[in-house]
Amino acid sequence: MSADLDAAQAAALAQAARALSSGNPAAALKALQAAPDTAVAWQIRGLALRAQGDRAGAEAALLKALQLAPDHPATMAQLAQLAAERDAPQEALGWLERLLALQPDNPAVLGSYGGMLRRMDRAAEALPVLDHALALQPDHAGLLLDRAHALRKLQRLAEAKQAFEAALASQPQAVAAWTGLAECLLRQHDAEGAMQAIAKALALAPGDGQAIGTKGLILAHRGDRVAALECYRQAYAAMPNEVSARRNYGNALLRAGHVAEAWPLLEHRPDRPESRVPLARAGLPYWDGADVPGLRLLIWAEQGIGDEILQAGYVPELLAAGIDLVLLCSARLEPLFRRAFKGADIHAVRADTDLRVFGATHQISICDLASRLRRMQAAPAQDVPYLRADPLRSQIFAQRYRSLQAGRVIGLSWRSGNPALGDSKSLRLVDLLPILRLPGIAFVSLQYGDCADEIAALHAQNGIALHVDADVDPLSDIDGQAAQISALDAVVSISTAVVHLACALAVPSRVLLPFEHGLLWYWGESGDASIWRPGAKLYRPANADDRLSPIQALAADMQAGRA
1419 MSADLDAAQA
1429 AALAQAARAL
1439 SSGNPAAALK
1449 ALQAAPDTAV
1459 AWQIRGLALR
1469 AQGDRAGAEA
1479 ALLKALQLAP
1489 DHPATMAQLA
1499 QLAAERDAPQ
1509 EALGWLERLL
1519 ALQPDNPAVL
1529 GSYGGMLRRM
1539 DRAAEALPVL
1549 DHALALQPDH
1559 AGLLLDRAHA
1569 LRKLQRLAEA
1579 KQAFEAALAS
1589 QPQAVAAWTG
1599 LAECLLRQHD
1609 AEGAMQAIAK
1619 ALALAPGDGQ
1629 AIGTKGLILA
1639 HRGDRVAALE
1649 CYRQAYAAMP
1659 NEVSARRNYG
1669 NALLRAGHVA
1679 EAWPLLEHRP
1689 DRPESRVPLA
1699 RAGLPYWDGA
1709 DVPGLRLLIW
1719 AEQGIGDEIL
1729 QAGYVPELLA
1739 AGIDLVLLCS
1749 ARLEPLFRRA
1759 FKGADIHAVR
1769 ADTDLRVFGA
1779 THQISICDLA
1789 SRLRRMQAAP
1799 AQDVPYLRAD
1809 PLRSQIFAQR
1819 YRSLQAGRVI
1829 GLSWRSGNPA
1839 LGDSKSLRLV
1849 DLLPILRLPG
1859 IAFVSLQYGD
1869 CADEIAALHA
1879 QNGIALHVDA
1889 DVDPLSDIDG
1899 QAAQISALDA
1909 VVSISTAVVH
1919 LACALAVPSR
1929 VLLPFEHGLL
1939 WYWGESGDAS
1949 IWRPGAKLYR
1959 PANADDRLSP
1969 IQALAADMQA
1979 GRA
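For the sequence shown, the numbering used here assigns the number 1419 to the initial residue and increments by one for each residue that follows.
There could be a bad hint or two in this list.
[As the list claims (entries may be wrong)] FRET-style restraints, in silico, Cβ to Cβ:
#, residue 1, residue 2, range
1, ARG1774, LEU1893, 30 to 40 Å
2, ARG1774, ASP1871, 42 to 52 Å
3, ARG1756, ASP1963, 41 to 51 Å
4, ALA1506, ARG1774, 47 to 57 Å
5, ALA1506, ARG1756, 50 to 60 Å
6, GLY1707, ALA1553, 45 to 55 Å
7, ASN1659, LEU1810, 27 to 37 Å
8, ALA1553, ALA1506, 22 to 32 Å
Hints in this document: simulated from the structure, not taken from any laboratory.
Glycine residues also receive a C-beta, built at the ideal position from the N, C-alpha and C atoms.
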């Protein structure tokens, strides 16, 4: 206690501290009325207000405490926690970075910093921070668990499994560790082990939403989608503000055709922490689909390129309704969208874009267009094709493909680079031999990424040559790939943006789907057609371990002239 305080002030501060530590924040606040204007008093006031649920008041008090004592670690730690609680992870990270500058070897601070990075999907950055913390405090269950989650996010599944087991060795009753282990085992295709792990989690905490949701994933992997849907419902009821619970339940409802129930769960929330589009926080009203006089609607891109192409199919409908549109799209799609959507103001989306220059009255994510225009019933975009390839480049590819002297020329894509879903969706090129060996067909690679060795091995070992257009990089030149696809007879692909591009260009598509993990909402649960993608014929596996029967079925259809 400072020597500058008189006895009454010192007694008031001591009384406030005792009241707070005994769980009586109201008494603490009352005692502070006689306390001096010091950093300690403001800190106690902040903690008391937080205990009463007044987070805004707590934050203001703690900021005042930090003004009076700028390098006080406990105050920074409290401000970081409050920022995290109101879904401001970047702000929380800033406080933790200031704290680390003062205490670089504090395992608690390192753990908080690494955990925050991990929850922000920055697992690669989180891992060395967590390793540093564990070097200082090797058996800390929370640190071990955060490290395990980071490894799983990085798809280092064998290491993640060991890390979850280490966390459980330190704290056997940790429900989150059992749940994480179950998720890890499921990704390793050990559904039986995953179910045993999740049973232990639920025995410890029968109402834990995360564990219930994970049980749903395991049941879906086994093919019991009805029971899985009920688990997703229960998980959402247990944690309605958790993004994963909303997404799992909403996607399952949508895939099952329950459109009206699904959309409210999946719609974009401009304040959601996982949004990758800062534009969402620009302050414009979020469009609810209503007819607004003088509406100038700003549509901005998020999620993957495939989602953006899929949902762009609704743009012509908005233009036909006379809505004044500003469309901020991925830079790679700008040439295609400019060519297709005459009358819309098209710009490449950038994080630093100043929305005020567009004069928009309302905003919406492109991924919410279907939910606004197809509120009660699933239905595709009305105008197909709704994208147009560059006619000159398309003509060049058509002439090139005629020189292959084949009855049909078919584009091929077999691998996904999606870090979360890619391994479930992807195939090896040699898996496609039943298709590649069919006579009278020339195959053109539409595959992005480094696949030269795989294509060379196919030719060396099987005598099959895949045509490669070296002048097109599918990652950077989607307009070029659109020209390629428009010159083809059909496309055979796993679930990637290639399919959405082909469907948008009205080129027939044959899609080889995964069973559950990686089966996206627009493919539905069964059948060989999608309501959302009528230009695609779908080939589904019988179970999670079946990757070859869809290929064999497609090969038979192609040979018989049905595909």
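How the hints compare with the structure:
no.	hint	verdict
1	ARG1774 to LEU1893: 30 to 40 Å	32 Å, holds
2	ARG1774 to ASP1871: 42 to 52 Å	49 Å, holds
3	ARG1756 to ASP1963: 41 to 51 Å	45 Å, holds
4	ALA1506 to ARG1774: 47 to 57 Å	23 Å, violated
5	ALA1506 to ARG1756: 50 to 60 Å	36 Å, violated
6	GLY1707 to ALA1553: 45 to 55 Å	54 Å, holds
7	ASN1659 to LEU1810: 27 to 37 Å	51 Å, violated
8	ALA1553 to ALA1506: 22 to 32 Å	30 Å, holds
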